[in-house]
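Please put together the full structure from these sequences, using the hints given.
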Amino acid sequence: MKTLCRGMLLWLLLGAAHADISVQDDQGRTVRLGKPAQRIISLAPHLTEDLFAIGAGPNIVGVSSYSDYPAAAKKIPEIGSYNHFDLEQIRTLKPDLIVAWPGGNPARQLTQLESLGIAIYYDDPKKLTDIPHVLERLGVLTGRTNIAEQAAAQLRTRTATLAKYHAGKRPVRVFYQVWDRPLMTINGEQAISDVMRLCGAVNVFAELPSRAPTVDEEAVLVANPDLIATSGDSTAKNTWLQRWARFPRLKAVARNQLYMLPPDLLSRMGPRLVDGAEALCAAVDKARQ
Amino acid sequence: MSLLATNQLSIRQGQRTLCHALDINIKPGECWLVLGENGCGKSTLLAALAGWHAPQAGKINLHDKPLPSWTSQERAKRMAWLTQQDDSAFPLTVLEKALTGRHPHLGRWDWESTDDIALAQHQLARLDLVNLAGRDLATLSGGERRRASLAAVLAQQAELLLLDEPLSQLDLRHQQQALAILRDETNAGRSLVLVSHDPNHAHGFASHVLLLFGDGRWLAGPVQETLTEANLSALYRHPVRSHLVDGQPWFLPGPHVA
Amino acid sequence: MKEHTHLTRQRLALIMAALLLLTLVLLTISLCLGSTAYRPWQLWQSTPDAQMARDVVLQLRLPRSLAALVVGGLLAMAGLLQQILLRNPLADPYVLGTSGGASVGALAALLLGASSVLVSLSAGTGALASTLLVFALARHDHSSQQSRLLLTGIAVASFAGALSSLLLSIAPDGLLRGMVFWMLGDLAGAPWQVAGLVLLGLLILLWPCARDLNILSHGQQAAHALGSQTRQLQWLLYFASSIATAVAVTSAGLIGFIGLIVPHALRLVLGQDIRLLLPATVLGGGCTLLAADIVSRTVLAPQQLPVGVVTALAGVPVFLWLLQRRGRQQ
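Residue numbers (the numbering used here), protein chains in the order written: chain H, 1 to 289; chain D, 290 to 547; chain A, 548 to 877.
Calculated from the structure, these hints are not laboratory results.
The structure presented is a predicted model; accordingly, all values stated were derived computationally and were not measured.
No residue lacks a Cβ here, since even glycine has one placed at the ideal position from N, Cα and C.
A hint or two may mislead.
[Claimed, not checked] Restraint-style ranges between C-beta atoms, simulated for each label pair:
1. Q27/H with A661/A: 40 to 46 angstroms
2. Q592/A with H84/H: 54 to 60 angstroms
3. I751/A with R108/H: 52 to 58 angstroms
4. A206/H with L867/A: 38 to 44 angstroms
5. G318/D with G708/A: 42 to 48 angstroms
6. P171/H with A565/A: 35 to 41 angstroms
7. G708/A with K75/H: 32 to 38 angstroms
8. G708/A with R249/H: 40 to 46 angstroms
9. A661/A with Q302/D: 45 to 51 angstroms
[Said to hold, decoys possible] Simulated pairs of lysine to any residue, SDA-like, Cα-Cα distance not exceeding 25 angstroms:
10. K286/H with T161/H
11. K366/D with A757/A
12. K251/H with Q776/A
13. K251/H with Q598/A
14. K251/H with R778/A
15. K286/H with K74/H
16. K251/H with T583/A
17. K366/D with Q776/A
18. K94/H with A119/H
19. K366/D with L783/A
20. K74/H with P719/A
21. K348/D with R778/A
22. K366/D with P755/A
23. K126/H with Q850/A
[As the list claims (entries may be wrong)] Here chain A is said to cover these stretches of chain H; the calculated rule only asks that three of the stretch's residues, wherever they fall, bring their Cβ under 8 angstroms from a Cβ of chain A:
24. 45–59
25. 214–225
Written out as structure tokens, the structure reads:
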């Protein structure tokens, strides 16, 4: 009887240990897994980068299109784009975990995925400092807590270094050009504005209500930023910045503070956002000189 | 002297020959009445005479010169064509419609002169349309629109008028008024080709008749010889009787003969 | 009110003078208003702000306003020409698939990463190709309403729309966002010089034919009988409307309703004589788009609304009101 009780206790403990993989995602839901995820599908390029950063790349069985970093990600089968993916194919890949991005993935398709009974982790980081915690949680779900914690610690250190270096320095007013025609920028809620705050820069259009507002050129002239930056994307050409050359009285033009930052770094909420932050902050520092 | 002449003119519409080897010669002051069943090719013949429908074979000469060798403007100065269609897709006043007749007489940079306007007003007056001069065509009745179109054709002051059922939709008084005007035009030396459904229309002023049988056969000649009970009965495939009223023959449908 | 039975030179001159005055007034308003408080008269003051005012007024507001005038003029003219061509007051570059063809051409070039010159050329080719396709398929249509031409145009427009959707769905995401916004219309930085020359050239080419176009709009047969060379006129209308559409689309993206509403509204007010309607439509279209642009860049300043949305929101009610007013008069 005693042994039986002990056996049951052990079984319960083991069972509990098995079901112990659980994290809270960004929507406050608890994601539970019986064992570390072995077959993962990523529904956004930055999530693919997150998974690779914690060494879970080999466990990814499907990615959304434009999952082009690191190079190994390009070899993984695509399941469609982030805003429209193929549910049949996802089901056929028999994933035990889907990492989703509610900021971009269509809610209706996500609901359908939930009804298929597959565990879904919702990722919705708002700022640079949210990302290390994302890596830690993905580390728990994939059973790679060690690498994940290391990667997270590294990100925290780099972020802290940036913050320390720029602390107390003269603020630099920045116009961040998201698109050329129409002329689009970002407001203060965007992560890029958060990165700007980190290195003592100020988004001149932080107060606008819309997250990605189209703005008037004359508003830019009047705001007269110290620095104009764009990361564009693969299609952005240098012509995006050339339009400002017509206005030599703009401080950014007069001091030649027009920067084309590497594409994708600042627009993806993944581990390379800190690279983007370093690039932007370096430009901000130059504008200060 | 010939105003408009056809030489072995054949007209086809799709696979149907409407008129084969037609030879007619229209002289100044003549009025030709074109009769035939529905769909026998009266309108298509008129379109061919106007240079719009390309004939299958044969020639059309205007003033002894092949029709295609006339410039459009010079042709339009000599020959007017009233088509059956007279609706306008856009708002257009009655006077504007009448003034269109002056188009071939105006150079590229010319504007309608007071004379042109007076002429157009005069044609409107003849057709009882003066009070409607500022009205939009779309607001008029079918008969009023038809008269406005006729006014435009008259304002063109051409020597030859090709008229495709100018009297359709006109009430009795306006029909008689329009016929009187057409008679005046022939008396003034103009030539008319008048497509009609009523053999009595050209009473008193039609000089010639052209009967189209719809299968390529045709019959043309002076009214007295051609406009007969026998010919009309054959044309309409229904008995037609001639009745003398005030010494003039009037054609009415007779009882059906099985 | 005295009825206007026909157009006189005096009436033409009077109305054009009034429209020119309206254009100048709107242009002045446009130069005075914007997301910032700079005003044209600050140009001549000797304050440090004069330089900024110069940049804002002369480098930004002026070219943008001129672009609005020119693009609006081109769109309205293209609509008018296609209405004459189809004898249908509801025809416009969208119905005939001209805009669709232009956008397919432009999107394809954008997708291939072509330069802006190539994008313009490609849009022009698309507009002409869709036009030629419509004309080739429906050229033997002698029916008075030209219903086959209209239906062919609608079919080609749908096909062009499907092609655009196809191109958009295979486009990379970043490009897609740009293209979609580009399709909503954007006048900032729109090149107005070349477009203006094209507009002027087309006006000089077409106005002498205005009386011919008048009678062509009554029907091909009637026009033929009155001595017009209908075939040549139709080709002229096709090419002129395609070029106008392509230039407008590549300069400022797809902006709707100008080509439909402006000619129609002016017809209701001014009558249908093309000698007046052609230049009036050009100015009216320019004024309408300029007014729409003033609204689009001031209501939420410094944020901007897509100008195509403003033209649709403002244009349709005005159009309905005119239509209803006309119904009452009769």
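Tested hints:
A hinted range of 40 to 46 angstroms holds for the C-beta pair Q27/H and A661/A, which are about 42 angstroms apart. Distance hint check: the CB atoms of Q592/A and H84/H are about 56 angstroms apart, consistent with the given range 54 to 60 angstroms. Between I751/A and R108/H the beta carbon distance is about 55 angstroms. The supplied range of 52 to 58 angstroms therefore holds. At about 41 angstroms, the CB distance of A206/H to L867/A agrees with the hint of 38 to 44 angstroms.
Between G318/D and G708/A the beta carbons are some 60 angstroms apart, a value that contradicts the proposed interval 42 to 48 angstroms. Hint check: P171/H to A565/A, Cβ distance near 53 angstroms, so the stated range 35 to 41 angstroms is violated. Between G708/A and K75/H the CB atoms are about 37 angstroms apart, so this pair conforms to the stated range of 32 to 38 angstroms. For the hinted restraint 40 to 46 angstroms between G708/A and R249/H, the CB-CB distance of approximately 45 angstroms keeps it satisfied.
Between A661/A and Q302/D the C-beta distance comes to about 49 angstroms, which sits within the given range of 45 to 51 angstroms. A hinted pair counts as satisfied when its Cα atoms are at most 25 angstroms apart, and K286/H with T161/H qualifies at roughly 17 angstroms. The hinted pair formed by K366/D and A757/A meets the criterion: a straight-line CA distance of about 19 angstroms does not exceed 25 angstroms. Taken as a hint, the K251/H and Q776/A pair is broken in the structure, with Cα atoms around 61 angstroms apart against an allowance of 25 angstroms.
Between the alpha carbons of K251/H and Q598/A the distance comes to roughly 13 angstroms, so the proposed pair stays at or under 25 angstroms and holds. For the given pair, K251/H sits about 59 angstroms from R778/A by alpha-carbon distance, which is inconsistent with the 25 angstroms threshold. Of the supplied pair hints, the one linking K286/H and K74/H is violated, its CA atoms being roughly 35 angstroms apart against a limit of 25 angstroms. Restraint check for K251/H and T583/A: satisfied, since their Cα atoms lie roughly 18 angstroms apart, inside the 25 angstroms limit.
Using a Cα cut-off of 25 angstroms, the hinted pair K366/D and Q776/A holds, with the two alpha carbons roughly 14 angstroms apart. Straight-line distance between C-alpha atoms of K94/H and A119/H comes to about 11 angstroms, which keeps the hinted pair within the 25 angstroms bound. Between K366/D and L783/A, the direct Cα distance comes to roughly 24 angstroms. Compliance with the 25 angstroms bound is thereby established for this hinted pair. Distance restraint check for K74/H and P719/A: the Cα-Cα separation of roughly 15 angstroms lies within the 25 angstroms cut-off, and the hinted pair is therefore satisfied.
This hinted pair checks out: K348/D and R778/A have alpha carbons roughly 22 angstroms apart, not beyond 25 angstroms. Between K366/D and P755/A the CA atoms are separated by roughly 20 angstroms; this keeps the pair inside 25 angstroms, and the hint holds. Taking the CA atoms of K126/H and Q850/A, the gap is near 23 angstroms; set against the 25 angstroms cutoff, the hint holds. Here the stretch 45–59 of chain H counts 0 residues with a CB under 8 angstroms from a CB of chain A, which misses the bar of 3, and the coverage is violated.
For the stretch 214–225 of chain H, the proposed coverage by chain A is satisfied: 8 residues have a C-beta within less than 8 angstroms of a C-beta in that chain, meeting the threshold of three.
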